[in-house]
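Place chain W on chain L using the hints.
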Amino acid sequence: MATVMHVGLNHYLVLSALLFSIGVLGVLLRKNAIVILMSIELMLNAVNLDFVAFSKYSGNIDGQAMVFFVMTIAAAEAAVGLAIAVAVFKRFKEVNISYFEKLKG
Amino acid sequence: MNENFLITVLLLSPLLGFLINGFLVRYNNKSHLRAGAIATAAAGISFFSAVSLYFKLLGLGAEERTLHTVFFNWLNIGTLNINMGFTVDPISTVMILIITGVGSLIHLYSVGYMSHDAHPAKFFSYLNLFLFNMLILVLGDNLVLMFVGWEGVGLCSYLLIGFWFDDPEKAAAGMKAFIVNRIGDAGFLLGLFTIFVTFKSVEFSELSKMAFAPEVGVWGPITLATFCLFVGAAGKSAQIPLYVWLPDAMAGPTPVSALIHAATMVTAGIYMIVRLNFMFIAAPTTMHIVAAVGAATALFAASIGLLQTDIKKILAYSTVSQLGYMFLGVGVGAFGAGFFHLMTHAFFKALMFLGAGSVIHGMGGEQEVTKMGGLAKKMPITYKTFLFGWLAIIGTPLFSGFFSKDEILWKAYSSPLGSKFLWMIGVVAAGMTAFYMTRLMCLAFWGTSRVDKSVKVHESPLTMTLPLMILAGLSLMGGWVGVPHIFGPIPNLLEGWLEPVVHDVTSEGSFLEEWMTMTASVALAGFSAFSAYYLYVLNPNLPKEWAQKLKGLYTLVYNKYFVDEIYGWAIVRPLVQLSRGLWAYLDVRIVDRTTYLVSDIVKGTGAGLRLMINGNVQQYALYIVFGVLISLAFIFAR
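In order, the protein sequences belong to chains L and W.
FYI, the numbering for the first sequence is 1 to 105, going by our numbering.
FYI, the numbering for the second sequence is 1 to 638, going by our numbering.
One or more of the hints may lead you astray.
As the list claims (entries may be wrong) - Residues from chain L that keep clear of chain W, each with C-beta distances beyond 10 Å, as calculated: (1) 5; (2) 6; (3) 29; (4) 60; (5) 83; (6) 97.
To be verified - Computed, partial: chain L to chain W, Cβ under 8 Å: (7) 22; (8) 24; (9) 28; (10) 100; (11) 101.
Just so you know, these hints were derived from the structure itself, not from any lab.
Ideal Cβ positions, reconstructed from N, Cα and C, are used throughout, including at glycine.
Here chain L stands alone, though its shape is the one from the complex (with noise of 0.2 Å):
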């Protein structure tokens, strides 16, 4: 029978790390704006994961708390950048990342 497996602090913490480099990879790597904010959200919950784990071993509720924090800013990031995206795409009916060059000047 399989065992159990018992779920530690470093299986949050890998988890977390995968989380945050397919994030890293999806900011890097695609175009289309609307994806890299998501990826973006990726690596911000990956942090929030490591926030939790650490809060939960350790015993202290601090950690839970900043995640609180975290969501917020995220939820206003994502507001703005959101916001600029329907921007992009109401002038180039598309929303690749290279168009946010011609935002300059």
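The following block gives chain W in isolation, referenced to the frame of chain L:
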């Protein structure tokens, strides 16, 4: 009135005149009357302050005749403490009276002389600036402040020599004066530094309190300091080997030649030595050099003057020669006599320059004496006043030049620092002076007229002749303040006046000797003057014949011993070639290339780095990731 107030007015009046006229230049002021009136008034106010200060000093006891005022503390660095302070004492009083008095007359004269000029306001503003700087030079209570005035008058001299800078020759003359003076000024600065390092002070009052024991041997700090200062004096006062700028300085307007290059600025060197007499007397080696250079210059310049044909050049070489006399005087320890000659020379040489200016003005710009002749009838006032100057400079008894020149010659003969040889040179130079001055009179005023028919000779206006008349009076009477004691009970006023601050070397000699030397020099001068008259009026063809016979010597002297050419060949040309070489090889090939290389490296790096900043946001994000990875690697690798 309070002395601080008087000194303030004395100094600021010319400065204010300079500012007002300098401001008017902006408005293209062509009125010579307005500019001249402002400048002359400024000089006149200064003169009245100087006279008031003189009477103030006269009211004090002989030993306490010093008025000192400090406007503010100027520099305070370490042990160096310099005040913006001014001293009025017997020496500087005589100087400020000459500067503002003769200066005012020359300002007045310039109103007429510059009446046809395009930029009178500029001219008068420079003239006032000169007065201001000259007053700082003589009144400054320390060597640094004196140096400020010293440089200031040099600047004004340069500006005024090159006043008509449209003519490249005149502009070059201005630059020559400036550059030659720089050489002397370097000497002055070195002397100043030596004094500060050795005595920890640059204030005259403090220095004079130190008792300087005469230096033994040929070498020492005082000798070094005074020698360097003398180099400065030789530059400013046109002595061998730095005299070459003064004859060229005649390119400036004639009133400038009279004020700056005869009466005041060129005497700054003498003034400085008289001011520091307590220090020079302690350096016998320097004193010997001063006397030797003075005597050599007196003779050398006088001999060049013998054959010049430009009226201003004759007077210029005469000035160099007379300045040599003054250095001979101070060099044998007769500071009072040198200073006395400075004063009388200021009167008669200013008179002669202004007279020459009047002649040039009346001749429509002609300066060659060979094209003059017989002007005595056409310009009677100029002629009669010039006559006074002539009588004074050749040393006619009772005229000012007689007393001062004879005092110098007598001291050169009798002082322990002097010798019979120096006296002989002085007497020969005096004979030459009488010759070339009489020659000038013959060629310009006497004899038959050689004036071109097209030139309408006319007498100058009153603004020009009035200063001539006043200066003629001073040329006659200026010497009466220094009558030597052999003339009986008449007191020597100047000697008594200077006595508390100037300490002459006591000379020994009998009455008989003094009478004999005096008679000898007067007789030689009279003989020279008569032979000049004989040669140039009675037998005008004889000089040409003699010139033919002594062709080699004539060419040598006529071309001023080729000194300018020798300097050009030995100093200027190597310098220019060296500079060219440095420019072509060191500057272009090494310095320029190195800087280009550095800038190319920077530019190339920038061009490379610019490729990274291309506006691609994702690429920027990649840089951040790389940065994080490198940081992590660094942390874990430890």
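Quiz prompt | When the least beta-carbon distance from residue 101 of chain L to chain W is tested against 8 Å, hint result | solution = holds (4 Å)
Self-check item: Non-interface claim for residue 29 of chain L versus chain W (Cβ beyond 10 Å)
Solution: Check fails; 8 Å does not lie beyond 10 Å.
Quiz item: Taking C-beta pairs only, is residue 97 of chain L more than 10 Å away from all of chain W?
Solution: violated (6 Å)
Quiz prompt | Nearest-CB test (10 Å) between chain W and residue 60 of chain L | solution = Non-interface label stands for residue 60 of chain L: nearest chain W Cβ at 24 Å, farther than 10 Å.
Quiz item: Are all beta-carbon distances from residue 83 of chain L to chain W longer than 10 Å?
Solution: holds (17 Å)
Practice problem: Tell me if residue 24 of chain L is really an interface residue toward chain W, meaning its C-beta lies closer than 8 Å to one of theirs. | Solution: holds (6 Å)
Quiz prompt | Status of the stated non-contact between residue 5 of chain L and chain W (beta carbon gap over 10 Å) | solution = holds (28 Å)
Exercise. Grab the minimum C-beta distance from residue 22 of chain L to chain W and call the hint holds if it beats 8 Å, violated otherwise.
Key: violated (13 Å)
Quiz prompt | Status of the residue 28 of chain L interface restraint (C-beta, 8 Å, chain W) | solution = holds (6 Å)
Quiz prompt | Hinted contact residue 100 of chain L with chain W - closest CB pair below 8 Å | solution = holds (6 Å)
Self-check item: Non-interface label on residue 6 of chain L, tested against every C-beta of chain W at 10 Å
Solution: Holds: least Cβ distance 27 Å, greater than 10 Å.
The structure is inconsistent with the numbered hints 3, 6, 7, although it conforms to all the rest.
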